[in-house]
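So you can see what is in the structure, the chains are spelled out below.
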Amino acid sequence: MSQTKLGEKTDRVIAHELAKKQREVSVAEFFERNRHLLGFDNKRKALLTVVKEAVDNSLDACEEARIMPEIQVEIVDMGNDRFRVIVEDNGPGIVKEQVPKIFAKLLYGSKFHSMKQARGQQGIGISAAVLYAQLTTGRPARIRTRISPRHDPHMMEVRIDTTKNEPEIVKDEKIDWKKEHGVRIELDIEASFQKGDQGVDAYMKQTAIVNPHATFIYTNPKAEQSVYPRAAEHLPKEATAIKPHPYGVELGILLKMVKQTEKRTLQAFLTEEFSRVGSGTAKEICDNAGLATNTKPVDMEHAHVEKLMEGIKKTKIMSPPTDCIVPIGEELLEKGLRKEVPAEFYASITRKPDVYRGIPFVIEAAIAYGGNQPADQSVRLLRFANRVPLLYQLSACAATKAVIQTDWRRYGLSQPSGALPVGPLTIAIHLASVWPPFTSEAKEAIASYPEIMKEMKLALQEVGRVLGAYVNKKKRVANQQERINIFENYIPEVAGALSEITHDKKELIVASMRKMLEKNKEFILRNKATVQEVDAEGPALGKSYDDVDDEPKEEDDGK
Amino acid sequence: MASKAKNPREAIENLAKDVVKDIEKGKQPQFDVPIRSLSNVEFNKKSGTLELGNKTAERQFFNVAHAKKFLQTIEVARVAHQLLNIGKHASLRDVYYMVKRTIPNTKTDVVDEQTESDKAIEDLELLSEFSREQLHINANKMGSVAGKVIIEDAGDTIDWSRLGSGGWSVPSNVENIKFKKVDADYLIYMEKAAVWERLHEDKFWAKHNCIIMSSQGQTTRGIRRLLQRLSEEHKLPIYVLADFDPWGFYIYSVLKFGSINLAHMSETMTLTNARFLGITADDIEKYGLQKNFIKFKDVDTVRLKQLSEYEWFKNDKEWQRQFKMMKGFGAKAEIQALSARGITFITDKYLPEKIKNKEYLD
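Protein chains in written order, with numbering that gives the first Met the number 0: chain A, 0 to 558; chain B, 0 to 361.
Don't read these hints as lab results, they were simulated from the structure.
Since the model is a prediction, treat every value here as computed from it, not as a measurement.
Be aware that a few hints might be false.
List of simulated lysine-lysine pairs, DSSO-like, C-alpha gap at most 30 Å [stated by the list, open to error]:
1) A:K520 / B:K355
2) A:K514 / B:K106
3) B:K99 / A:K504
4) A:K473 / B:K20
5) B:K20 / A:K518
My request is simple: use the sequences and hints to build the entire structure.
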């Protein structure tokens with residue numbers, strides 16, 4: 000026992016040493032190797048990722064400080080594929096001492112272990128953007144910050160020491176800044192700007208849709224400025240942090256938690272570090288795992304933790320609380336869509352919270368139908384996770400699958416099998432969760448957990464039904480109008496022919512027939528074509544030989 | 000609908016006036032068109048012909064499903080009226096083009112295909128109680144005739160025995176033909192123009208004192224009407240020579256009993272005493288034509304079954320025997336198969352023998 004312990008300790012020390020060395024040589028290398036995971040696959044995507052990370056941070060900061068966000072985004076084309084990205088918010092600002100760590104140290108952040116609905120998750124985002132800027136243009140990040148009118152504004156230039164993953168302050172000075180509080184970040188990066196569904200323009204528009212409480216002023220590299228004014232008067236309710244639910248914890252995380260906990264007993268560890276675990280449940284978990292409640296977590300080995308996992312699986316535990324989720328809300332989601340997607344009909348739905356793998360989530364869906372949207376193309380699908388637009392990996396996303404698996408023909412649209420429906424429609428799907436599951440670290444597509452798919456489909460069906468009622472009513476009206484048109488257009492023709500034969504005045508016949516049409520409109524609209532067709536042939540008859548009295552007989556092929 | 004009028008022009012005018020009257024009264028403009036389908040066709044055992052029943056279908060203008068057909072009917076009426084006024088004839092194809100145009104403010108044409116205007120013309124026949132030919136609308140001519148007959152047509156005197164190798168082309172309207180001399184003991188009508196040419200080259204009609212007539216495939220109205228006139232006005236026996244297949248049998252059936260689609264014209268077209276000369280199943284055996292068989296396809300089998308179930312064949316033992324033998328062969332043969340026995344076999348031996356021995360089916 001003691002021997003193994005000793006051995007393990009030795010192992011651990013060596014591993015730590017190795018890890019340090021690895022890190023020292025490889026922050027830049029790590030980035031290079033993982034740039035596709037971080038959203039820097041290509042120049043076009045890099046521009047989007049940099050803007051996205053900065054805007055996410057600004058929105059999160061404002062909301063946390065309960066400030067209505069006003070965010071300015073500006074992209075300046077500096078030539079030679081170089082762009083300056085400037086994002087400025089009216090948030091609480093960052094204390095000067097924190098600036099280097101937040102912007103110039105990878106994997107530094109407060110959100111990593113918190114189970115709270117937020118845009119960013121791993122705290123890798125903004126520092127990765129800084130590193131990208133540094134690697135492509137060699138320029139440090141320029142950060143302005145001011146935490147209140149009583150404090151001086153600061154300007155700092157920071158960079159990452161890639162060998163140590165430590166921040167380096169290049170410049171630090173007091174400046175003049177009229178802003179009362181907030182942060183402004185400027186990054187010079189290598190990038191390329193393109194319009195289209197996966198560009199920054201689309202991202203800004205979609206961000207405005209799902210953040211109706213925020214105002215955005217966006218200037219693209221073509222110096223085109225768009226202002227997205229806020230549509231909501233209030234900030235969304237503050238998201239509360241919850242402790243992880245035992246069902247949502249994977250072995251790796253559980254191992255880490257066991258190592259890091261300060262609790263002295265397994266019982267205390269379970270009740271205090273997890274949600275929905277009271278003393279009774281904790282005891283049951285321990286019994287099912289075959290571990291004593293007073294086991295010291297620090298003493299637990301890999302095998303013990305595996306046993307604990309088994310115990311958790313065997314125990315019935317109440318679902319996690321769901322009040323920690325803050326959906327956009329039906330009304331605001333529709334408002335957001337309304338201001339950015341001009342259409343003639345809107346509908347939206349916020350589902351009740353549900354749970355996947357012990358993690359609570361809420362699905363919301365909204366639609367905008369008609370207007371100038373193209374009727375002969377696939378519908379436009381906007382996907383969001385925690386108020387962040389997802390622009391890539393469309394086909395891998397649970398939202399896309401849910402839309403495809405919904406039968407839109409029932410709602411009056413056409414839909415090729417196994418494809419998105421076709422019609423003048425925009426569909427927005429939003430997943431709000433304390434831990435939205437993605438298919439990859441790049442956070443581009445929502446993973447298809449059965450519970451999530453089910454909720455998405457139910458949400459789509461609900462808005463679909465409303466849409467169907469509208470579309471069908473519209474079709475009916477159009478159909479009725481078409482019927483009336485048939486008669487209106489045929490009347491002069493019939494009257495013309497009659498008048499030619501009888502020499503009655505064509506105008507008089509037309510007038511009489513129009514009068515009849517007017518009088519019988521109601522009747523005609525209701526009257527369906529039920530009268531037997533005149534030339535229904537007897538099915539047993541060889542048609543070509545019964546009525547052909549003019550056509551030559553087909554020759555046999557023997558000739 | 001329209002009461003029986005003196006002439007086709009008046010009939011069309013009455014039809015149109017009735018519609019205008021209805022419109023003025025605020026009544027739904029409509030035609031009642033007799034239904035032309037097997038469900039509304041009856042076999043009259045007494046007369047031995049197919050007759051149209053009493054079932055009619057309403058064709059209303061203010062009905063989405065009918066409006067276009069209503070317009071088509073009134074349009075062909077207009078065209079026919081115009082033709083009658085100026086004393087000109089037009090073909091079915093002409094009428095199609097005279098009616099076809101795009102209706103203003105729509106993407107719809109009055110007619111898309113000729114079958115639509117043809118159907119409308121048939122309706123007009125039923126509504127006006129005048130035949131297409133009487134309405135100055137003709138089908139393509141498609142038949143030849145030769146024999147010792149002199150006629151007058153459109154002011155010309157024509158001798159059917161002096162028209163070279165082509166013979167006289169039968170027009171689609173034969174109502175106004177006058178027979179000046181008919182010197183023949185019988186008439187042979189054949190389904191194949193090629194066979195007619197054979198007989199004509201051999202001067203069969205001169206040697207045997209008969210008339211030979213053909214059309215290509217299904218018999219045209221003009222031919223049927225001409226046959227009927229010769230049969231009734233000159234008491235000529237009519238013999239039908241057709242392929243040994245269900246379709247050949249059906250040609251005989253239409254000539255003798257009438258067709259479903261033209262059941263309304265049975266009176267003026269059927270040949271109740273037409274005889275089926277050949278090719279019969281017995282001919283096949285007698286002349287050893289099995290080696291010239293063409294195997295049945297599925298459609299042939301189906302068609303044969305339909306034929307054998309027709310009311311006018313159902314209780315005819317002789318015909319049922321033919322059907323049964325054909326089914327047994329599972330094959331068919333053309334008239335020209337006789338040429339295997341020699342090019343003039345049909346004129347030298349087959350036809351004279353059959354007629355002499357009265358080997359035909361009634």
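Checked hints:
| no. | hint | in the structure |
| --- | --- | --- |
| 1 | A:K520 / B:K355 | violated (72 Å) |
| 2 | A:K514 / B:K106 | holds (25 Å) |
| 3 | B:K99 / A:K504 | holds (23 Å) |
| 4 | A:K473 / B:K20 | violated (38 Å) |
| 5 | B:K20 / A:K518 | holds (18 Å) |
Hint violations for this structure: numbers 1, 4, all remaining hints satisfied.
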